[in-house]
Amino acid sequence: MIVRLRRALRWQALPLLAGFAIVALIIAARAILAETQIADRDASREAIEAQQLLSSLLSLVQDAETGQRGYLLTGEKNYLLPYQHAVDALPAMLKRVGEMFPDGSDRAQQVVGIKDALAREQAELAETIRLYDTGNTAKALDIVRRGSGKLDMDQIRANIDAIRRIDGASLAARAERMEQIEGWLRAGSFAALVGISLLGIYTIRQSSRRFQDVAAAQDALSAKNAALLAEIETREKAESQLRQVQKMEAVGQLTGGIAHDFNNMLAVITSAMNLAQRKLARGEHDVQSFVEAATDAAARAANLTARLLAFSRQQTLAPQIVDANRLVTGMSDLLRRTLGHAIEIETVLAGGLWKTHADPSQVENAIINLAVNARDAMEEKGKLTIETANCYLDEAYTAAHPEVKAGQYVMIAVTDTGAGMPADIMAKAFEPFFTTKPAAKGTGLGLSQVFGFVKQSGGHVKIYSEPGEGTTIKIYLARFTGSEDAATPPRASGKSDVPATETILLVEDDARVRASTAAALLELGYTVIEAAGAEEALQKLGENAAIALMLTDIVMQGMNGRQLAEQARKHSRSLKVVFMTGFTRNAVVHNGVLDHDVHFVAKPFTLEQLAAKLRDALATP
1 MIVRLRRALR WQALPLLAGF AIVALIIAAR AILAETQIAD RDASREAIEA
51 QQLLSSLLSL VQDAETGQRG YLLTGEKNYL LPYQHAVDAL PAMLKRVGEM
101 FPDGSDRAQQ VVGIKDALAR EQAELAETIR LYDTGNTAKA LDIVRRGSGK
151 LDMDQIRANI DAIRRIDGAS LAARAERMEQ IEGWLRAGSF AALVGISLLG
201 IYTIRQSSRR FQDVAAAQDA LSAKNAALLA EIETREKAES QLRQVQKMEA
251 VGQLTGGIAH DFNNMLAVIT SAMNLAQRKL ARGEHDVQSF VEAATDAAAR
301 AANLTARLLA FSRQQTLAPQ IVDANRLVTG MSDLLRRTLG HAIEIETVLA
351 GGLWKTHADP SQVENAIINL AVNARDAMEE KGKLTIETAN CYLDEAYTAA
401 HPEVKAGQYV MIAVTDTGAG MPADIMAKAF EPFFTTKPAA KGTGLGLSQV
451 FGFVKQSGGH VKIYSEPGEG TTIKIYLARF TGSEDAATPP RASGKSDVPA
501 TETILLVEDD ARVRASTAAA LLELGYTVIE AAGAEEALQK LGENAAIALM
551 LTDIVMQGMN GRQLAEQARK HSRSLKVVFM TGFTRNAVVH NGVLDHDVHF
601 VAKPFTLEQL AAKLRDALAT P
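Letter 360 of the sequence shown, counting from 1, is numbered 360 in UniProt numbering, and no numbers are missing.
For the record, the hints were derived by calculation from the structure and aren't laboratory data.
One or more hints might be untrue.
[Claimed, not checked] With a Cα cut of at most 27 Å, we get these calculated DSS-like pairs of lysine-lysine: (1) K150 - K77; (2) K237 - K381; (3) K381 - K428.
[What the hints assert, rightly or not] Have a look at the derived ranges for each label pair, beta carbon to beta carbon: (4) I27 - R177: 13 to 23 Å; (5) Q408 - R573: 41 to 51 Å; (6) L575 - V513: 16 to 26 Å.
Cβ coordinates follow ideal geometry from the N, Cα and C atoms, glycine included.
Given these sequences and hints, build the entire structure.
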C-alpha cells in the first residue's frame with residue numbers, strides 16, 4: 001500500500017514536476033529574451049552612437065573643406081579656423097571610429113575606405129593651402145577644380161551609407177529574432193495552461209507582467225529612436241540652411257564673374273593707355289577720349305569692388321539714425337528719373353514708424369537696386385509700390401530662419417507687378433553674378449549687394465514671389481531705441497569751394513600711390529609735404545608748424561595710421577587727420593562700421609571726393 005501510495009504520489013507529482021519544468025523553461029526563456037533585448041538595446045545604442053560619430057566626422061571634413069575654399073577665394077585667415085579645428089579634432093575621432101569598428105568586423109572594409117579617402121582629402125586641403133600661402137594661387141585653384149576632393153567626399157559618404165545599411169540590416173534581423181522568441185514563449189504558455197491550470201494561471205500572470213515590462217521597454221526604445229531620428233532630421237535641415245548661407249557668403253560664382261568683369265575693364269584701360277602713349281609719342285595730343293575711357297573703366301572697377309565688399313559684408317558703413325519714411329519721400333524724384341514715366345510709383349508709409357540705425361546712403365542704394373530690378377522685371381511698364389511698417393519677428397519666424405534674431409524691426413518693402421520668380425530662381429537670387437537678364441543688361445550684383453548690406457547692418461531680407469504674380473522684397477532693419485543725439489555723427493559745415501591754401505602732410509608707404517596722391521593735392525592747390533612712414537611723418541611734423549592736416553594711409557608697416565594720429569595729436573591738438581585705405585578691416589573700421597568722429601576716404605577716390613573730404617575735415621571745429 002505504502003508502495004502504491006508512493007507510486008501514486010510519484011505519478012501525481014509528474015504533472016506538477018512537468019508544470020514546474022515548463023514554468024522553469026518559460027522563466028529561462030524569458031530571461032534569455034530579456035538578455036537578448038538588453039543586447040539588442042545596447043547594439044541599437046552602439047549603432048546610434050556610431051551614426052552620430054560618423055555624422056560628426058563627415059561634418060568636420062565638410063567644415064575643413066568649406067574653410068579651405070573660403071580661404072582660397074578670399075585670402076582671409078579667419079576662414080582657416082574651422083579647417084584647423086577639424087585637423088585638430090580628426091585624429092581623436094578616427095581613433096574612436098577604429099575602436100567602434102575593429103579589424104575583422106563586418107564594417108571594417110568601409111572604415112578603411114573612409115580613412116583612405118579622408119587621408120587623401122586632408123592631404124589635398126593641406127597642399128592647396130600651402131600652395132596658396134607660397135603665392136601659387138593658380139595651382140591651388142587648379143587642384144580644387146580637378147574634383148578629386150569631391151570624389152573623396154563622395155567615397156566617404158558612400159562608405160558611411162554602407163555602414164548605415166549594415167547596421168540597419170543587423171537591427172532588422174534582431175527584431176525578427178525577437179518576434180520568433182515571442183512566438184515560442186506564447187506556445188509554451190499555452191501548453192502550461194493545458195497541463196496545469198492553477199500553475200498555468202500563475203505562470204500566465206507572471207508572463208503577462210514580464211511581457212508588459214518588455215513591451216514598455218520596447219515602446220520606450222521606439223520613442224527614443226523616433227526622437228533621435230527627429231533630432232537628426234532637424235540637425236540636417238539646420239546644417240543644410242547653414243551650408244546654403246555659407247555657399248552664398250563663400251562665393252558661388254565669384255571667381256569667374258570677377259575675372260570676367262575686371263578683365264573687361266582692364267582691357268579698356270590698357271587699350272586706352274597704349275593708344276594714348278602712341279599718340280603722345282607721335283606728338284599728337286587728342287587723347288582726351290582715351291583718358292575718359294580709361295577713367296570710366298577704372299570707376300566701374302571701383303564700383304564693382306564696392307559691390308563685392310557690400311556682398312561680403314566688409315564695406316565701410318557710417319550708420320546714422322534713419323527715418324525710413326522721410327528717406328523714401330526724399331527719394332521720390334530720384335526714383336521717377338531712374339525708372340521713367342512708364343512706371344507708376346506708389347508709397348505706403350506707416351504712421352508712427354520707428355527709427356532705425358543704418359547707413360542712409362546704403363539704404364537708398366538698396367531701394368534703388370530693388371527698384372531698378374523691379375523695373376526690368378516689369379519690362380519698364382507697371383506699378384512699383386514702396387511700403388514701410390513696424391514689424392515684430394517672433395520666435396516662430398526665427399525658428400524657420402535661424403540666422404534671424406527675434407525682435408522689433410523697421411520694414412521697407414518693394415513690390416512690383418512683374419513676371420515673378422519660380423522657387424529655383426528665388427533660391428539663387430542673392431548669389432553674386434547670378435542674373436536672368438541678357439548679356440550686358442546686368443552684372444548680377446544688385447541683389448547680392450542689398451543682401452550683404454542688410455546682413456552687415458544686423459538685418460534680414462526676404463523674397464516673396466510667384467510666377468505671374470509679381471515680386472515683393474522686404475528689408476528688415478533693427479529698431480533703434482538709443483539716444484538720438486549720441487547716435488547722430490556731427491556734420492561738418494565746410495564748403496567745397498573754399499580756396500585750398502593749407503599745408504598738408506601726406507603719409508603713404510607706397511611710392512607710386514604717394515606720388516599720384518601728392519600730384520592730386522598740388523592740383524587742388526595745397527602745399528604738400530611727403531612722408532614714407534610714421535617715423536618720418538612725426539619728424540616732419542616737428543619741423544613744420546604750418547601743417548594743418550595730415551592725410552595718412554592706415555595700413556603701414558610698423559606704426560599704423562591710427563597710432564600715428566594719436567602720436568601726432570600729442571604735438572598739435574589742432575591737427576586735422578584724414579585716413580585713407582583700400583582695406584576694409586583696419587584700425588578705424590570695426591565690423592564694417594566707421595569709428596565715431598573719424599574722417600575717412602576709401603581708395604580709390606576721385607579728385608572731387610578727395611577735395612570734399614579735405615574741406616570737411618579742415619572745416620570741422
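Checked against the structure, which of the hints given earlier come out wrong? 2
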